[in-house]
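Chemist: Same order as they appear, the protein sequences are chains A and B. Note that this note's numbering has the first sequence beginning at 1, numbered continuously upward. Note that this note's numbering has the second sequence beginning at 115, numbered continuously upward.
Everything labelled a hint here was simulated from the structure, so no lab data went into it. Do not take every clue at face value.
Said to hold, decoys possible - Away from chain B, derived, C-beta distances all over 10 Å, residues of chain A:
id, residue
1, T20
2, N26
3, S67
4, E79
5, S82
6, S87
Claimed, not checked - Here's a subset of chain A near chain B, in silico, CB distances under 10 Å, partners left out:
id, residue
7, L43
8, Q45
9, D56
10, G58
11, R97
12, E102
13, G106
The beta carbon of each residue, even a glycine, is placed where N, CA and C say it ideally should be.
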Amino acid sequence: EAQVTQNPRYLITVTGKKLTVTCSQNMNHEYMSWYRQDPGLGLRQIYYSMNVEVTDKGDVPEGYKVSRKEKRNFPLILESPSPNQTSLYFCASSLYRPNTGELFFGEGSRLTVL
Amino acid sequence: ILNVEQSPQSLHVQEGDSTNFTCSFPSSNFYALHWYRWETAKSPEALFVMTLNGDEKKKGRISATLNTKEGYSYLYIKGSQPEDSATYLCASVGRAGTALIFGKGTTLSVSS
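Only chain B is shown next, with the shape it has when bound in the complex:
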């Protein structure tokens, strides 16, 4: 079983701050890395699916990078807004592609 670690566990920032989180995963048997945003009382929603080393993806103020050789991904939020408050999950997929192994998430709270 792969171990996927996320840090920090939680984070509190002020509106307008930029922030970033880390997802670490075993680089062996890697095929894809997923990021999801999970708001309280809702279901997780996909942000990015990344497969290639050096991949960078962007959606609005949120972006992510991937380093498959060293086994980490960063998620960046530029100019945080209160509506960005959520738990951000990452998950690693092995070559068989049958299962996502999720990290425990980073919970972001943005104060106005």
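Bound conformation, chain A alone:
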């Protein structure tokens, strides 16, 4: 089954404790991206990747890191989480750039930073 898989789905952590949210897709997609969803705001892009070893900042990259060592994986790293990073996070992928095709979303990861 074609899918984008995120883990963990739910996480409660404390300020400053490094964490990684994994994202994996099995569709051989070139483009992958991370978004966060906060109440009253639209989905906002954190980072994106056009292909292996090619990553770039989105609109809200502060406090996050990413890597794209393999085509299928695009982990989101919070080196020192803070309460303002409490949010619902979505990973998404598309075959090529999103001006040519739809995004496929993971199921979301709800993160709470105390």
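Fit chain B to the known structure of chain A by using the hints.
Modeler: Positioned in the frame of chain A, the structure of chain B alone reads:
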């Protein structure tokens, strides 16, 4: 940064009603317009990707139109059903094609 606006913010209709929502986006630097359906506790799913002025797309009872010159898209739902209850997101893509700028969504509630 592009601003994508959606209206109304929320909508409540009765089963069988037809309804429509609006997505407004800056017409400059436009390449594509996406529509997604997002049900509670699930992930957004694509409905349409549209690129050409005058484009019309249809999937079952849901259809969409695109006006790139004036910067708007309409999403229509004919004969709403309770299972249509969801948040409908639109997103605009610029020519670089590296990012979607999402609107805040229109939340539809359909009562039986």
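Chemist: Give me the numbers of the hints this structure contradicts, sorted from smallest to largest.
Modeler: Hints that this structure does not satisfy do not exist here, as all of them hold.
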